[in-house]
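Novice: This is what each chain is made of:
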Amino acid sequence: MTRSKINANRLSTMRNVALLLLVASVWIFYFFPIYWMVTSSLKTRVDTFSIPPKWIFSPTFQHFINSFSDPKFMKAVQNSLVITVTTVLFSLLLGAWAAYAFARFRFKGSLALSFSLIVARMMPPIVFIVPIYLLFNSLKLRNTHIGLILIFTVFNLPFTVWMLKSFFEEVPIELEEAAWIDGASRLQALTRVTLPLIAPGLAATAVFAALLAWNEFLFALLLGGPSTTTLPVFLSSYIGERTIEWGEIMATAVIAVVPPTILVMLVQQNLIKGLTLGAVKG
Amino acid sequence: MASVEVSQQGRRPYRAEQRNRFLGLPLHYVLIAPTFLIVFGLLVYPLGYAIGLSFSNKILTGSVPFKWVGLENYIDLLVAKSEMWTSVWVTLRFALVGVLFEFIIGLGLAMVLNREFIGRTWLRVGLLIPLMVPPLASGLVWRIMYDDEFGVFSHLIRALGGDPPIFLGDPNYALYAVVATEVWRSSPFMVLVLLAALQAQPQETIEAAEVDGASGWQVFRLITLPFIMPVIIVALLFRTVDALRTFDLIFLLTAGGPGTTTEVISMFIYRWGFRHFKLGFTSAASILLLIATLLICVFYLRMLVVRQAAVQLTER
Amino acid sequence: MSNMNERRRSSRREFLRASALTMAGLTAVACAPAAAPADEATGSQAAGAARVSVATNDVEAAYEEVGRQWEGALLRLPIGGRGHWGVNQKAAERFTELTGIETEWEDNPYDQVYDKTFLDLGSQSGTYDVLDLNFAWFGQFIATDGLLRLEEYVDNPAFPPIDLEAFVPAVLEVYGKWEGNLYGLPWLGDAMIFPYNQAHYEAVGLDPQAPPATWNEVHEFGKTLTHDDQYGFALMGGRQIQAMCTYAAIFFGLAGKGFYNDAGEPQFDSDEGLEAMEIMAVKLPEISPPAAISWDIVQAAEAVSQGTCSMEIQWPGILQGLIAEDSPVLGQMGFATPPGGTPLGGHGIAVSNYSQNKEAAYLLCHYLVSPEIQRQYVSEGYAITLTALFEDPEVQAINPYLKTMGDAMAIGLSWPRTEETNEVFDIMVKHINAAITREEAPDEATLLMNEEILELRKERGYVG
Numbered sequence: 031m032t033r034s035k036i037n038a039n040r041l042s043t044m045r046n047v048a049l050l051l052l053v054a055s056v057w058i059f060y061f062f063p064i065y066w067m068v069t070s071s072l073k074t075r076v077d078t079f080s081i082p083p084k085w086i087f088s089p090t091f092q093h094f095i096n097s098f099s100d101p102k103f104m105k106a107v108q109n110s111l112v113i114t115v116t117t118v119l120f121s122l123l124l125g126a127w128a129a130y131a132f133a134r135f136r137f138k139g140s141l142a143l144s145f146s147l148i149v150a151r152m153m154p155p156i157v158f159i160v161p162i163y164l165l166f167n168s169l170k171l172r173n174t175h176i177g178l179i180l181i182f183t184v185f186n187l188p189f190t191v192w193m194l195k196s197f198f199e200e201v202p203i204e205l206e207e208a209a210w211i212d213g214a215s216r217l218q219a220l221t222r223v224t225l226p227l228i229a230p231g232l233a234a235t236a237v238f239a240a241l242l243a244w245n246e247f248l249f250a251l252l253l254g255g256p257s258t259t260t261l262p263v264f265l266s267s268y269i270g271e272r273t274i275e276w277g278e279i280m281a282t283a284v285i286a287v288v289p290p291t292i293l294v295m296l297v298q299q300n301l302i303k304g305l306t307l308g309a310v311k312g
Numbered sequence: 098m099a100s101v102e103v104s105q106q107g108r109r110p111y112r113a114e115q116r117n118r119f120l121g122l123p124l125h126y127v128l129i130a131p132t133f134l135i136v137f138g139l140l141v142y143p144l145g146y147a148i149g150l151s152f153s154n155k156i157l158t159g160s161v162p163f164k165w166v167g168l169e170n171y172i173d174l175l176v177a178k179s180e181m182w183t184s185v186w187v188t189l190r191f192a193l194v195g196v197l198f199e200f201i202i203g204l205g206l207a208m209v210l211n212r213e214f215i216g217r218t219w220l221r222v223g224l225l226i227p228l229m230v231p232p233l234a235s236g237l238v239w240r241i242m243y244d245d246e247f248g249v250f251s252h253l254i255r256a257l258g259g260d261p262p263i264f265l266g267d268p269n270y271a272l273y274a275v276v277a278t279e280v281w282r283s284s285p286f287m288v289l290v291l292l293a294a295l296q297a298q299p300q301e302t303i304e305a306a307e308v309d310g311a312s313g314w315q316v317f318r319l320i321t322l323p324f325i326m327p328v329i330i331v332a333l334l335f336r337t338v339d340a341l342r343t344f345d346l347i348f349l350l351t352a353g354g355p356g357t358t359t360e361v362i363s364m365f366i367y368r369w370g371f372r373h374f375k376l377g378f379t380s381a382a383s384i385l386l387l388i389a390t391l392l393i394c395v396f397y398l399r400m401l402v403v404r405q406a407a408v409q410l411t412e413r
Numbered sequence: 396m397s398n399m400n401e402r403r404r405s406s407r408r409e410f411l412r413a414s415a416l417t418m419a420g421l422t423a424v425a426c427a428p429a430a431a432p433a434d435e436a437t438g439s440q441a442a443g444a445a446r447v448s449v450a451t452n453d454v455e456a457a458y459e460e461v462g463r464q465w466e467g468a469l470l471r472l473p474i475g476g477r478g479h480w481g482v483n484q485k486a487a488e489r490f491t492e493l494t495g496i497e498t499e500w501e502d503n504p505y506d507q508v509y510d511k512t513f514l515d516l517g518s519q520s521g522t523y524d525v526l527d528l529n530f531a532w533f534g535q536f537i538a539t540d541g542l543l544r545l546e547e548y549v550d551n552p553a554f555p556p557i558d559l560e561a562f563v564p565a566v567l568e569v570y571g572k573w574e575g576n577l578y579g580l581p582w583l584g585d586a587m588i589f590p591y592n593q594a595h596y597e598a599v600g601l602d603p604q605a606p607p608a609t610w611n612e613v614h615e616f617g618k619t620l621t622h623d624d625q626y627g628f629a630l631m632g633g634r635q636i637q638a639m640c641t642y643a644a645i646f647f648g649l650a651g652k653g654f655y656n657d658a659g660e661p662q663f664d665s666d667e668g669l670e671a672m673e674i675m676a677v678k679l680p681e682i683s684p685p686a687a688i689s690w691d692i693v694q695a696a697e698a699v700s701q702g703t704c705s706m707e708i709q710w711p712g713i714l715q716g717l718i719a720e721d722s723p724v725l726g727q728m729g730f731a732t733p734p735g736g737t738p739l740g741g742h743g744i745a746v747s748n749y750s751q752n753k754e755a756a757y758l759l760c761h762y763l764v765s766p767e768i769q770r771q772y773v774s775e776g777y778a779i780t781l782t783a784l785f786e787d788p789e790v791q792a793i794n795p796y797l798k799t800m801g802d803a804m805a806i807g808l809s810w811p812r813t814e815e816t817n818e819v820f821d822i823m824v825k826h827i828n829a830a831i832t833r834e835e836a837p838d839e840a841t842l843l844m845n846e847e848i849l850e851l852r853k854e855r856g857y858v859g
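Protein chains in written order, with this note's numbering: chain A, 31 to 312; chain B, 98 to 413; chain C, 396 to 859.
Keep in mind that a hint or two might mislead.
Incomplete in silico selection of chain A near chain C, CB under 10 Å [said to hold, decoys possible]: (1) S42; (2) R75; (3) V76; (4) T78; (5) W85; (6) I95; (7) F98; (8) S99; (9) K102; (10) R136; (11) L141; (12) I159; (13) N173; (14) L251; (15) S266; (16) Y268.
Where chain A lies over chain B, by a calculated footprint (3+ residues, C-beta under 8 Å) [stated by the list, open to error]: (17) 132–143; (18) 214–225; (19) 232–238; (20) 242–253; (21) 342–349; (22) 365–376; (23) 382–392.
No lab work stands behind these hints: they were computed from the structure. In this text, a Cβ means the ideal position worked out from N, Cα and C, and glycines have one as well.
Throw the hints in and build the complete structure from the sequences for me.
Specialist: In structure tokens form, the structure reads like this:
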């Protein structure tokens with residue numbers, strides 16, 4: 031009796047140690063590159079490229095000062111925020127309508143239509159640059175915020191629709207029907223009953239949509255211009271013909287991680303709940 | 098419940114009819130219209146343009162006169178000695194190995210995170226950080242970390258007495274080095290989605306099985322896995338689609354080298370599209386990639402549909 | 396929904412603001428003559444001045460006088476930001492003060508500058524007024540019909556005079572002319588040079604004043620210099636354009652001839668071509684760190700400035716690290732021209748055929764290549780294109796490799812400029828990297844490379 035208890039104790043201690051080791055190695059795998067990025071942003075050029083690599087160094091904030099003192103940097107942050115926020119709102123708004131329709135109506139071709147959306151995500155982006163460039167050119171959408179918001183919304187919609195569709199399916203239709211009986215219109219039932227219930231799902235979807243818009247580079251670069259420079263595009267301008275401003279790139283990247291981190295912190299509770307809710311039916 | 102029953106009497110058909118229409122149009126079409134207009138409005142023209150050009154010899158900047166060449170581009174691409182086949186195998190290996198590891202790590206981590214332990218919340222939030230870093234920065238950081246002279250990995254391995262390869266320069270390792278970076282960047286998505294699925298699982302079914310004397314493995318295999326299967330399929334689907342067209346990471350880490358060992362299909366397309374400006378040829382390659390991706394997706398979706406049908410059957 | 400409206404409203408506001416600005420610009424242009432008398436009335440400047448002048452010398456006054464007629468025009472450039480373009484961007488601020496012509500520089504990463512330029516020229520949308528004419532892309536610029544012929548502007552007495560003979564002759568030919576016609580002004584000079592660590596030379600008993608004269612000497616010296624964690628050479632062996640540049644340097648050094656023979660066929664299957672690949676893929680990796688097979692320009696340059704590698708063949712634009720105050724090799728470096736020959740790099744500056752402001756654009760090009768501005772940006776370590784400036788002791792004092800750069804430009808050979816050049820580069824990079832990483836044997840790689848280039852040139856009609 032006692033022995034098996036001791037064994038059980040030992041087993042659970044071993045389990046805990048194993049778990050601890052596992053969690054520690056997960057942290058190292060995911061955060062070591064981040065750690066290296068942050069330290070690179072604080073190193074001088076000579077320290078960054080020292081052979082062998084330096085673990086201890088005297089930090090410099092020069093790269094951060096350089097980034098912040100560039101007027102284009104604040105402009106880029108502003109552009110990125112405006113474009114990301116609007117893209118997310120657009121994607122959620124349009125995506126929610128479509129997702130609601132797919133979740134609540136049985137109609138001919140609904141399966142095929144929802145699958146066909148994924149095709150939009152399958153297209154290799156490179157080859158579509160040229161025709162989209164021509165299209166945007168004639169629509170005067172190049173180098174405008176609206177243009178980038180449109181194209182990012184297109185990239186986001188397939189994922190948004192699929193995520194939200196599963197959230198809507200989670201909410202029993204009876205709840206809405208009950209509201210209809212009380213005289214609510216479909217819209218009222220949707221906004222007063224269903225949407226509050228899937229709020230966490232909306233938050234989770236918003237986070238993934240925001241990350242896509244925040245980090246998109248190729249289209250932001252080629253379809254954008256001086257008045258739409260987003261953070262990733264600004265970041266890439268540190269690459270010259272013969273030089274790479276390593277420290278400035280790392281410093282700017284560190285700053286670029288801050289807004290999405292704040293967003294995730296804010297919706298953190300909802301995020302996990304939302305994913306939980308939405309994932310059930312995929 | 099009672100109210101639902103009431104609703105099924107008399108009034109409902111009329112109301113439902115009214116409710117399901119908007120300005121006389123079926124409501125569901127009205128609801129999906131904006132999404133489809135915007136998505137296909139912006140993509141139909143480019144897609145048509147690409148399909149059209151794929152039958153021509155169009156060069157964006159060349160003085161070669163434009164002409165229609167029929168299936169020539171496709172034939173050039175598909176002949177056995179075409180460079181594309183190298184890229185196809187590289188892409189398949191990249192996507193398969195990458196998505197497989199993402200899945201294994203994703204599922205494993207999701208199981209761990211599904212337990213209670215100190216700092217769990219922080220780990221969940223922190224896992225999103227690799228997704229937040231601008232790809233240019235993470236590409237450069239990984240590139241320098243992999244370097245044999247400047248990089249930490251090689252120096253750590255040497256300090257431990259090992260003999261590290263040239264990660265990005267050795268044809269035997271380069272692809273897997275790139276895959277590791279991709280796994281680092283993309284597995285958090287998998288972790289979070291699978292974690293969510295695990296958390297949605299009703300605790301009672303597991304407890305009931307345990308009472309019946311099922312081992313941990315049996316519970317996982319017979320109860321948990323079937324429950325989260327649909328999520329797994331959709332997560333794999335989205336990750337596979339993205340992996341098949343990965344570009345930025347490869348461009349930053351190896352640009353296709355050493356030799357052609359990491360030249361994925363989108364790198365191939367970039368080279369022919371933007372270094373050679375051969376739009377006709379590039380369009381044909383892209384259409385082929387699109388078709389291949391579609392086929393793979395159909396495979397996933399069939400799995401999904403079969404599963405859903407099975408679930409519906411059992412529910413009845 | 397309300398949000399959408401708000402967006403629409405705000406975009407309309409933006410549109411209105413933009414049109415207002417355009418109107419203001421137009422009004423400014425329209426009013427310029429009318430405003431002049433008013434200035435005269437209040438002006439307390441030198442007698443007879445039409446307006447308050449900001450010029451501080453005759454040169455500036457000349458630009459001011461000509462440029463004022465396009466006051467308010469906006470010139471767009473697909474380049475800017477940092478490095479040599481950044482220096483020019485700063486110089487253009489003074490141009491705007493003088494002439495009232497605004498400039499808008501777009502900070503594109505180098506790799507995508509030409510992607511954007513050719514998307515613009517290919518679609519004839521006329522976004523850019525002034526173009527960076529990297530001569531490797533010259534044929535493509537010509538093929539898109541995107542460049543403005545400059546002869547009539549150069550000869551036009553209304554513009555400040557420009558002496559084309561003041562430019563390094565080879566560079567004027569390569570950066571500016573196509574089939575005898577002038578399309579660009581020589582702007583940013585560039586040629587690979589050969590930095591070597593004299594302290595390392597001394598330490599192993601080599602003469603620090605005698606850099607290698609042949610590529611085989613580079614290899615021999617390199618073997619002497621390689622010991623423990625020290626390496627003789629820093630090779631740029633990764634699958635990047637720099638691998639092609641290094642191979643071209645070796646090929647030029649050995650063969651002293653261009654890529655193609657008179658019949659237009661590539662001549663890499665010659666003895667020199669095969670030997671160049673042997674040096675590139677076997678001999679240089681022997682004396683370089685193992686990592687060098689994946690290196691690009693930054694890694695190679697940093698390895699030399701860390702003192703880990705002793706020699707490199709390199710573009711001057713990245714060499715500031717060697718002479719920076721905190722450089723570990725400060726004061727140790729010598730600079731030579733590469734053995735036998737060297738490739739030219741560099742850029743002309745040109746006016747887009749689709750520009751709405753061609754005269755103003757030409758004036759900006761003219762301003763940026765003028766001796767006064769070249770003198771400014773040479774201090775930042777970037778190359779120049781005027782012969783006299785290389786000889787100027789004041790300029791030479793600015794940095795120790797400037798003189799070498801001038802010498803290298805004088806002996807530099809250019810790679811082809813025809814429209815398939817970037818495709819040729821792509822083929823070369825692929826096979827050179829394959830040879831370095833042992834995916835292909837050096838001979839095999841050279842012959843495959845030669846064959847593919849020949850096929851391509853046949854397809855394009857350059858070879859009968």
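Novice: If a hint holds in the structure, say so; if it does not, say that too.
Specialist: Hint check results:
no. : hint    : result
1   : S42     : 47 Å, violated
2   : R75     : 7 Å, holds
3   : V76     : 5 Å, holds
4   : T78     : 8 Å, holds
5   : W85     : 16 Å, violated
6   : I95     : 16 Å, violated
7   : F98     : 16 Å, violated
8   : S99     : 14 Å, violated
9   : K102    : 7 Å, holds
10  : R136    : 27 Å, violated
11  : L141    : 29 Å, violated
12  : I159    : 8 Å, holds
13  : N173    : 8 Å, holds
14  : L251    : 6 Å, holds
15  : S266    : 4 Å, holds
16  : Y268    : 7 Å, holds
17  : 132–143 : holds (count 9)
18  : 214–225 : holds (count 9)
19  : 232–238 : holds (count 6)
20  : 242–253 : holds (count 6)
21  : 342–349 : holds (count 3)
22  : 365–376 : holds (count 5)
23  : 382–392 : holds (count 6)
Hints 1, 5, 6, 7, 8, 10, 11 from the earlier list are contradicted by this structure; the remaining hints agree with it.
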